[in-house]
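Each chain, letter by letter, is given below.
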Amino acid sequence: MKLIGSLVVIASLVFGVLSAATAYLPKLSLPDERLLGLTLNAPAGGPPPIARAGDTLTPELLATLRADGVERVRVKEFAFTRWSHSYWFVLAVLGLTAGGVAVKQAAKMQYAPSAAGERRESPASAARDALARTREIASALAAELPAIADEHDRCRTIVHRLDEVQRQHALTIVEAKPALIAALGMGGFAEFMDHFSAGERNLNRAWSAAADNHAPEAERSLAAAHEPLDKAAERLGAEATR
Amino acid sequence: MSSQPSPPPGSPRPYREVTLAAIVFAMVIGLVMNASITYAGLKIGFTLGGSAIAAVLGFGVLRGLLRRGTILETNIAQTIASAVNTSNSGVIFTVPVLLLLGFTLSWDQLDFWLITVACMAGAVLGAAFIIPLRKQMIEIERLRFPSAMGVAAILKSPGAGTKKSIVLLAGIALSALIYLPVGLPGIRLPASLDRLDSLVERERIAPADAERTRMIAGWIERGSAPDEVISLGRIEAELLDAIETDEPDEASIAALRASVREAAVPNVSARLAHAALLASEGEQPWDSLRKVDLGWAGSPLPGYQDLNIRLPVRTDDEGKLLAKVDHNGDNRPDLVLTDDRISLGRILGLPDEFQLVFAIAPFALGAGFITGRAGLMVLAGGILAYFVLTPIAFRLGWMPASITPATAPGYGFGAFNRPLGIGLLLGGAMMGIIAALPAMRAALKSIAVASRMPRGSRDELGLKVLLAAIAGALLLLFVAADFEGNRPLNEGKPCPVSGLKVSDEVEPATYKGYVIQFASERAAEVWRTGGTWDLGTPTGMNEPIRTVWNEEQKDKYLASMNARPGALAALPSHLRAAVIAIVGALWIWFAGIIIAQCTGMTDWSPISGMALLTVVIVMLLAGTGAVLSAVLLGAALCVAITLAADMMADLRTGHLVGARPVKQQILELCVVPIGPVVCMFTVLLIAAVNVKTYGVALGPETPTSAPQAQALQAIITGVQGGEIPFALYGCGALLGALLGLGAFSGLGVLVGLSMYLPFFYIATYGIGCLANMALAKIKGRAWAEEWGVPFCAGLIVGESVLQLAINCVVLALG
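Sequences listed follow chains A and B, in order. Residue 50 in the numbering used here sits at position 50 of the first sequence, and the numbers go up by one each step. Residue 791 in the numbering used here sits at position 791 of the second sequence, and the numbers go up by one each step.
It is possible that part of the hints are untrue.
[As the list claims (entries may be wrong)] Derived pair list, reagent style SDA-like, types lysine to any residue, alpha-carbon separation capped at 25 Å:
id, chain 1, residue 1, chain 2, residue 2
1, A, Lys104, B, Ala374
2, A, Lys177, A, Pro123
3, B, Lys164, A, Leu171
4, B, Lys291, B, Leu240
5, A, Lys108, B, Gly718
6, B, Lys164, A, Lys76
7, B, Lys164, A, Asp153
8, B, Lys663, A, Ala224
9, A, Lys27, B, Gly718
10, B, Lys163, B, Pro181
11, B, Lys324, A, Gly46
12, B, Lys43, B, Leu101
13, A, Lys177, B, Lys779
14, A, Lys104, B, Pro438
15, B, Lys320, B, Lys291
16, B, Lys554, B, Leu575
17, B, Lys512, B, Leu571
18, A, Lys76, B, Gly721
19, A, Lys104, B, Arg373
20, A, Lys27, B, Lys164
21, B, Lys777, A, Lys76
22, B, Lys663, B, Met27
23, A, Lys177, B, Ala374
24, B, Lys692, B, Asp241
25, A, Lys177, B, Lys43
26, A, Lys177, B, Ile434
27, B, Lys164, B, Phe59
28, A, Lys231, B, Phe112
29, A, Lys27, B, Arg395
30, B, Lys163, A, Lys177
31, B, Lys324, B, Leu396
32, B, Lys777, A, Ala224
33, B, Lys43, B, Thr693
Since the hints were derived computationally from the structure, they do not count as laboratory data.
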């Protein structure tokens with residue numbers, strides 16, 4: 001369904017822009033009364049052009065252009081009744097609506113939890129695992145650091161361990177966005193990301209301070225990361241057990 | 001959300017983040033970059049983002065020279081420097097259009113200060129409006145901001161290990177190496193006579209340039225120039241004298257300009273003739289005519305074009321080159337590799353209306369890589385515009401018969417792609433905002449909760465501060481709009497009734513939203529009462545010419561001033577200014593979101609499109625004669641949206657290095673008003689020097705041609721002539737909004753953006769996206785991020801730094 005929906009969206013977009021391009025290009029086969037008095041917005045006929053931009057369509061000019069085999073002219077004025085491909089555009093609008101809805105439904109079905117509610121290998125569960133691993137690393141660091149006497153070594157440990165979070169786990173959580181939105185809804189996802197991002201930013205700060213060999217700030221930031229990460233896990237866990 | 005605990009009492013050394021050294025360094029760098037990039041932007045037509053350059057310089061100064069800068073201190077420095085610098089792209093796109101349209105700007109004029117105040121208000125509004133969206137865009141939506149990620153990679157490189165620093169440096173080196181032959185030809189030195197033929201052969205100069213250079217060489221050798229050249233030089237000298245007097249007489253200046261045009265000598269500029277006059281009078285040596293800006297041929301430093309890679313020779317039965325291989329008709333196959341792009345489509349033999357061209361732009365490649373898979377939507381939009389719509393429109397005869405296959409893409413861009421693209425952008429952004437409402441609500445709720453926390457532990461600037469900033473900026477915008485909106489339509493011009501010079505002593509009248517001045521009380525009375533004005537009896541006629549100042553005549557007068565009434569013409573002037581200021585502010589908010597979204601998703605920002613729409617909107621509201629008001633608000637908006645995008649990018653960098661957003665936000669709000677002042681004074685200085693030297697403030701006759709402002713000038717005259725394709729904008733907006741119904745609400749923004757941008761940048765950008773996907777497939781996503789991002793950060797920074805260096809050389813050479 002997703003593929004069909006996507007194809008409908010692409011085809012509708014192509015037809016939509018093509019038909020829109022004719023909005024200011026009335027056909028010269030229209031009756032004179034619908035064309036007379038319009039102002040050209042581009043040269044017409046030729047080459048060399050018979051009429052220039054700014055010229056007004058008069059009966060004589062219309063006759064000359066028709067005799068020259070000109071089928072359409074670009075004008076400054078728009079009217080729905082002169083738009084030759086307006087019906088294409090309406091179809092494109094309907095197609096985009098139908099295709100968009102189909103794609104959305106397909107995405108919802110793709111990320112919906114299974115009827116049995118079992119834990120599957122999905123982006124959402126990968127995000128859950130990544131968050132758990134992030135919290136583990138932060139907790140493990142908090143436990144290990146007091147035992148390391150040398151400030152420089154403490155900083156090196158923080159940089160090394162948080163590298164894994166920055167490189168892998170944060171990325172996994174961000175990439176699971178569509179699945180998490182499907183699971184939590186946009187509001188729930190926003191709340192989850194609000195907590196997670198706050199924790200992540202503190203971990204990033206801890207990394208920067210450690211890279212600058214400033215152990216006190218790195219440890220403070222590490223400690224500050226726990227609460228928001230716990231809240232993020234709570235938010236994710238609460239939804240998972242629903 | 002979470003708070004940063006304060007350092008414990010007795011902590012030996014606080015972690016350096018906001019320091020005096022960082023602020024002073026950043027201010028100096030920001031001011032210098034602002035002034036120099038303003039000049040370069042007016043000269044070459046584009047500007048550079050300052051964050052990457054400031055990050056690299058910050059590294060060198062704070063960490064290298066001062067040996068104490070931390071990652072977060074350097075981040076603060078790049079935040080401030082880019083905030084001071086960035087406003088220049090907003091100003092130079094808009095304000096110079098006034099000079100091109102014949103307005104004058106001077107520091108002792110109210111107009112100058114009103115525009116400056118409006119730009120300062122725009123700067124504050126842009127920053128204040130976008131701050132509450134940080135959580136939604138950066139923390140919830142997770143927009144990538146490729147350049148900001150690059151800057152973060154630079155900032156983090158000291159702690160990221162030697163290998164990553166080497167990868168970053170390798171990216172910078174490769175970028176500089178690739179970009180060097182693109183940038184070097186921008187440096188042009190006077191050509192020697194024996195190289196002229198070779199330069200013509202390599203299409204570096206036109207045959208007319210070579211001919212003129214030989215002509216000047218002849219004058220230098222003989223020590224004299226032809227009489228008609230000296231005559232032209234004399235008139236030019238009189239013109240320059242007339243302009244330089246304390247009280248210039250506009251009428252005599254106009255007459256002298258006409259004389260200059262009448263006395264024109266083929267292939268000789270008035271400036272060259274003036275220099276020849278000075279040489280003939282012994283005031284300067286004849287050899288001083290050997291200057292590129294006087295018309296002596298410039299020999300560019302080597303670039304890719306010098307490789308002379310051309311299409312293979314293909315001839316017809318008579319041995320004549322086919323037009324397909326010789327678009328410019330110079331009887332040689334066309335170049336397929338120019339200094340800045342390669343035409344793969346022509347190498348592959350694609351029909352000419354399919355222009356498959358790649359920009360040689362490491363920056364675009366790097367930005368594409370960092371964007372990754374999402375960037376493919378940009379590529380898809382480019383393909384839709386340039387490989388579907390344009391060729392079909394050409395083949396179906398929807399373009400004028402005078403359009404050739406080679407010129408079809410250019411025509412298609414102006415006629416369909418740009419208006420539809422802007423429409424798609426607007427519709428897509430609107431749908432994106434609707435879809436993001438729950439996220440915005442959650443973000444605002446979170447900020448509101450954080451606002452109640454103790455001041456020192458807040459991570460986010462409180463909503464009260466932001467509302468105060470917005471109210472203050474809105475008031476400034478209203479004052480500026482009110483002053484400009486009440487300016488007489490014919491200020492300094494003839495009285496509509498008598499044709500004499502208008503007087504400030506006479507009470508002006510208001511007609512259809514325009515204030516009209518008069519030369520005398522009687523003329524004003526005739527206008528107000530619809531009376532008859534007797535213009536006297538011309539020689540040879542028996543009857544005097546009389547004009548009845550009825551509605552029809554007044555409308556004719558407005559039409560002659562290109563001043564159609566605006567939608568708000570019926571409102572009292574102060575109320576009209578208030579409505580325009582509020583609509584302008586709302587538009588700034590909306591456009592700021594669009595620009596931040598575009599920059600966040602792709603690194604491209606459609607500033608010119610937004611400026612164009614602003615000017616159109618203001619002219620529709622206030623009337624097409626309200627050019628000053630339109631440009632004033634356009635300038636405010638441009639400054640606002642560039643700063644909104646810059647602020648969001650800085651906050652994204654800050655997130656990646658763990659900076660406290662509140663510190664960045666306070667500093668940025670404090671320094672953003674400085675940028676427009678520096679930029680406006682730089683424009684003023686350049687204009688003043690140009691007027692003294694060339695007789696005009698800006699434009700093609702001067703070294704600062706202001707190409708972006710010329711584009712806006714075309715739009716303003718287009719609005720006045722009723723040539724804006726509103727139906728195409730509307731169709732595009734509807735399609736863009738509906739595109740967002742699917743899985744990705746911002747799809748319309750990406751597709752619209754790519755229809756609006758030149759395809760050669762999109763093509764290179766697309767290669768970057770594909771490279772990311774290929775590398776992720778082969779080596780894994782984490783590997784591609786870990787090593788690809790620092791390398792691509794190097795690609796982005798290398799090009800920016802090299803371009804800045806080349807600009808400095810170009811400017812130094814004059």
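Any of the earlier hints contradicted here, and which numbers? Hints 5, 6, 10, 15, 20, 21, 25, 28, 30, 32 not satisfied by this model.
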